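2 protein chains.
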Amino acid sequence: MLKGGYKGKILRLNLTTQTFSLEDTTEEMAKNYIGGAGFGINILMKEVSPTADPLGEENKLIFAPGPFTGTNVPCASRIAAVAKSPLTGAIGMASSGGYFPAEVKFAGYDVIIIEGKAEKPVYVYINEDKISFRSAEQLWGTKTFDCQQMIKNDLGDQNIRVACIGPAGENMVKYSCIINERRAFGRKGLGAVMGSKNLKAIAVRGQKEVAINDKDAYKTARSVMNKAMKESHVLYSMFSNAGTPCVVDLAGELGILPTRNWSDTGEWIPVDKLGLEANNEKKIGREHCYKCPVGCSQMKLARGGRYAGMLTEGPEFESIYSLGSTLGIDDLDVVITADRVCDELGLDTISAGVVVGFAMECYEKGLLTKEDTGGVELKFGNDIAFMDLLLDITYRRGLGDLLAEGTKIAAAKIGGGSEKFAMHVKGLEMPGYDVRGAKAQGLNYATSYTGADHNRGYAFQEIFGIPIPEEVDRFAYEGKGKLTKWNQDVRAVTCDCATMCAFILDMAVPGIATQNTASLLEAISGLKFTAEDVQTVGERLNNVAKVYNTAAGLTRQDDNFPERIMNEPLKDGNSKGECISQENLDIMLNEYYEARGWTNEGVPTEEKLRALGLDDLIGLLQDK
Amino acid sequence: MLKGGYKGKILRLNLTTQTFSLEDTTEEMAKNYIGGAGFGINILMKEVSPTADPLGEENKLIFAPGPFTGTNVPCASRIAAVAKSPLTGAIGMASSGGYFPAEVKFAGYDVIIIEGKAEKPVYVYINEDKISFRSAEQLWGTKTFDCQQMIKNDLGDQNIRVACIGPAGENMVKYSCIINERRAFGRKGLGAVMGSKNLKAIAVRGQKEVAINDKDAYKTARSVMNKAMKESHVLYSMFSNAGTPCVVDLAGELGILPTRNWSDTGEWIPVDKLGLEANNEKKIGREHCYKCPVGCSQMKLARGGRYAGMLTEGPEFESIYSLGSTLGIDDLDVVITADRVCDELGLDTISAGVVVGFAMECYEKGLLTKEDTGGVELKFGNDIAFMDLLLDITYRRGLGDLLAEGTKIAAAKIGGGSEKFAMHVKGLEMPGYDVRGAKAQGLNYATSYTGADHNRGYAFQEIFGIPIPEEVDRFAYEGKGKLTKWNQDVRAVTCDCATMCAFILDMAVPGIATQNTASLLEAISGLKFTAEDVQTVGERLNNVAKVYNTAAGLTRQDDNFPERIMNEPLKDGNSKGECISQENLDIMLNEYYEARGWTNEGVPTEEKLRALGLDDLIGLLQDK
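These protein sequence lines map, in sequence, to chains L and A.
Note that the numbering used here gives residue 120 to position 120 of the first sequence, counting from 1, and the numbers run on in steps of one.
Note that the numbering used here gives residue 579 to position 579 of the second sequence, counting from 1, and the numbers run on in steps of one.
Chain L extracted, bound-state conformation (with noise of 0.2 Å):
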């Protein structure tokens, strides 16, 4: 059983028979996958097929924090949520901050396992060793921050942390999200599996503190850690005061922030209305995750017209510019509206905005009529028929419930073109970068184990020209491949398997994600890691999540890009005239598989996967 870090308990919860049991952790998971979303990976792989329905009883949804959450580590207090999407039919994977990440440690555990589907609503409270499972027949139905505050009320204590689903997510919204706090385990659709098991809530509260096996190294480990922090010349100075919003400003000046469904980024750029110091305009104060002394939320508040004392925590660049500047809205007011609103439905911004942007635009080209839209004017840039918009998807009203099912299954439907404009890869909602601007970026959303997914490889290099490993030029197309598996790889053992913040990424701090993730596992749990292992941990992660999206049945004509991206040049800005050509993508593609030592369709070979210990995996792909 792990100790230092780990608290050596799977917790596994059966729906079906409202029963649980008890697992170790083993030193050997800890070795290959670290924590977090290695071990919710690495479990969905050994238990549910490549090939389940998302939304049936055959899928699991695994929660697990890292090895350094609940520790005094910084930005370490988050906890990975992964399930099969329903979204994309691919590895469904988003994580979380805030307060109930740790205390799903002080409760005692590494990783919990929901399986099977409960005959009526429940939720779940894991009180340390005691479990119960009890009626949310009367939850069901109520918001996310109600139903978090009335399972505190129920309980008695005001302490306990909850992750809830809100009307979405019971409603099966394919994007609905899971919410704690007023945070989001926001992206593919973890919020439907719930509603899906017809769980509404977890609630956990523990007092086990976690332990530290070498204390020296520990606080050698630490002090580096802290020392970088404090020489980041972005992370205080701006990601303490602005938080994300910064990037709006950043996006615009690159000429890759998204406006109006992404049809005439360059020409449009609202940085003045939705940027940096509008933002700050907004700002009431900040929010800690455990232990976090960064503070990277912004708590905003909304003054004007109808929208007057709408308060979010955010919005977060992706945030504003899905529920803002794809939607033609320029008006901050209306941001933090639609944000309180999905965080309070259940609904991820990113994809609701997104799949509001595109039937924005398919109605503005006659693809939907007012009879579609029950008489509505949905044109970009109203606001009062996007909210409507937002509870007509949560509750599957008319048009909304074929937006529900999410933008590619919406384009399907509607069909007449509209799939060259439907802004997704794999069925995700593509995020605010406009990657015409900025192709390693772009490549990553073609190939993340997720989607279009901005967490999974993240370009820091070329949003914001940080020449780590090297400089890059974000308009060439060579270097891309590599970039990308560097990008992925250290992302995905730093944020998806050791959980820790991005912001603790190169793009912030730089040049110590994967030493100090070595050397934070090394004091605190004492098994013995290097930097290397780390990266290997990452790419082992990356191969893992593509046996099992290959062994359900995606190739490499999903690691593309809608028609726009690659036929439509940007009109103006700073990236004026680029795009990405299915020959450009394909130079990106080749180079990165061959990178990852994949096949030319992109699937990992056995020599790879031997190499990396995933001999077991092999037989996943006969006939691949």
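Please note that a few of the clues may not be correct.
Calculated lysine-lysine pairs in the DSSO-like style (CA-CA distance at most 27 Å, straight line) [as the list claims (entries may be wrong)]:
1) L:576 <-> L:219
2) A:291 <-> L:152
3) A:283 <-> L:117
4) A:9 <-> L:152
5) A:152 <-> L:208
6) A:130 <-> L:291
FYI, nobody ran anything at the bench for these hints, they're computed from the structure.
Remember, predicted model here, so these are calculated numbers, not experimental data.
On the provided structure of chain L, position chain A as indicated by the hints.
Leaving out everything else, chain A in the frame of chain L:
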């Protein structure tokens, strides 16, 4: 210094100087006023001139729990708030339940006096002996639920209890309230008093137990109380399971449920849509005040259309009337939503609804036009206009700015005879019993020290048909003066001073109110009290309050009704043909003044004041 039950301390907070001081509560205070509003009004009388500007720096806001608050006595976790009311110019008193009241005791205080005015927005954190004045500049503008959560996060303690104002209080809406948890110090604009002082919130935390003087006597008194509560025919069976919405059915049956601004009562009785059964369909849970076994607060969830997912604690009967029937609205989802919206904005539900109902009638009669409403069709039943108007009132926009002043001032400005159907007494909007069919309830509205207030001398004899102290005919005028005095005195001492819940009164638990208060007081405090002593405290409070109001300029002419009550008989139903003419009101008033030992002008006599030990107040009534 008082002990058993009492904490012995008054905390005086000066917002101007941001300093605090401590004083002792005394045996004399306890004997004469018991606690709660008794303490508060006694202090207001001593320290705030009856002619003070309610929104000026000289007004004070006094919070005081009762001697049983924080003990295991059921139905006792309540706290009074007292100030001069900006809505009525008379004494403003409102109380609230939940956990905040007990927390004030645990922090060590019988009374908190707030005086002066902060230069910039602040909140006060009271952590037992540690008092801090903290900036609330960033919190200014937040809604009440968000504000409470932000303060808990700011102070890093989820067990803190907070009472705060919303934007309505900040903007000094004359009927803005103070919210703790989901509960309100609802009426008379005490939120505006906080707003005028730049005080956003009071956060409290403590762990000091409330002592019991004689544990055996306490056990005996409590078991008598528990037994009586168990024997009640309605307490658990009705109020636990359904709360106050059962009164909708009762009022409908009696023909006294006001509808469409009291214009058509009896003709349209929407009990099927707004009554007990309809409410129970929306119910998803209950909330309890600290140590209360009853748990009358029903959590209700709207599920339909645009209001889907809205949750509220309540709505209580009064809000079903004010946010529903008096607006011509019979959709309970609208009522639930408006109740939640009012709680979050910090608006008193009764006044907010009644003033909008008044405006709707003005619009229907042509006294307000689309020019006044900004193009809105402000007819009875228009729920969307109603919701928008709640925001406009809160932010004082357009017509909302006028309506934010309350029905009395709005009617004076609108003119055109609208005063006749401006449903208030002394500026306080009328609660939901059409007093034309319940004469003692009417006399209570006319004479309560706070204006038209169902909480000061509720005539349960007429509404519930309970023959205590004797059987009454609800249509009769004779005897109602004496009855109203009795109701007001019992209520004043039991609920206002001892801060017990109204459900401990005879309508729910017959025959124990004053004796129970006396027995508990003796056992807990060690001070001697008979039932007669207790009744006298109630009478004393009503006299002190009347002296204050008289000195503030109120006369017999203010103990009145809107003309509609006098001249427009009810049109149908089981009170058909009833109204209360000036002549009949005078019959009741004369009897009431006589029973009280007041002059024919409604002024307390020297003799009466001396008999109650209030000699020092006599000077205030010179020239009256």
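Sort out whether residue 152 of chain L lies within 27 Å of residue 9 of chain A, counting only the CA atoms. Violated: residue 9 of chain A and residue 152 of chain L sit about 32 Å apart, past 27 Å.
Holds or violated: residue 576 of chain L with residue 219 of chain L, Cα cutoff 27 Å? 49 Å, violated
When you check the alpha-carbon spacing of residue 130 of chain A and residue 291 of chain L, does it fall within 27 Å? Given that 27 Å is the threshold and the Cα spacing comes to 25 Å, the pair holds.
What's the verdict on residue 152 of chain A and residue 208 of chain L, does the C-alpha distance respect the 27 Å limit or exceed it? With Cα atoms ~23 Å apart, residue 152 of chain A and residue 208 of chain L stay inside 27 Å; holds.
Keeping to a limit of 27 Å between CA atoms, is the pair of residue 291 of chain A and residue 152 of chain L held or broken? At roughly 16 Å apart (the allowed maximum being 27 Å), residue 152 of chain L and residue 291 of chain A satisfy the hint.
Pair hint outcome, residue 283 of chain A versus residue 117 of chain L [Cα-Cα no greater than 27 Å]: With Cα atoms ~25 Å apart, residue 283 of chain A and residue 117 of chain L stay inside 27 Å; holds.
Taken one by one, the earlier hints fail for this structure at numbers 1, 4, listed in ascending order.
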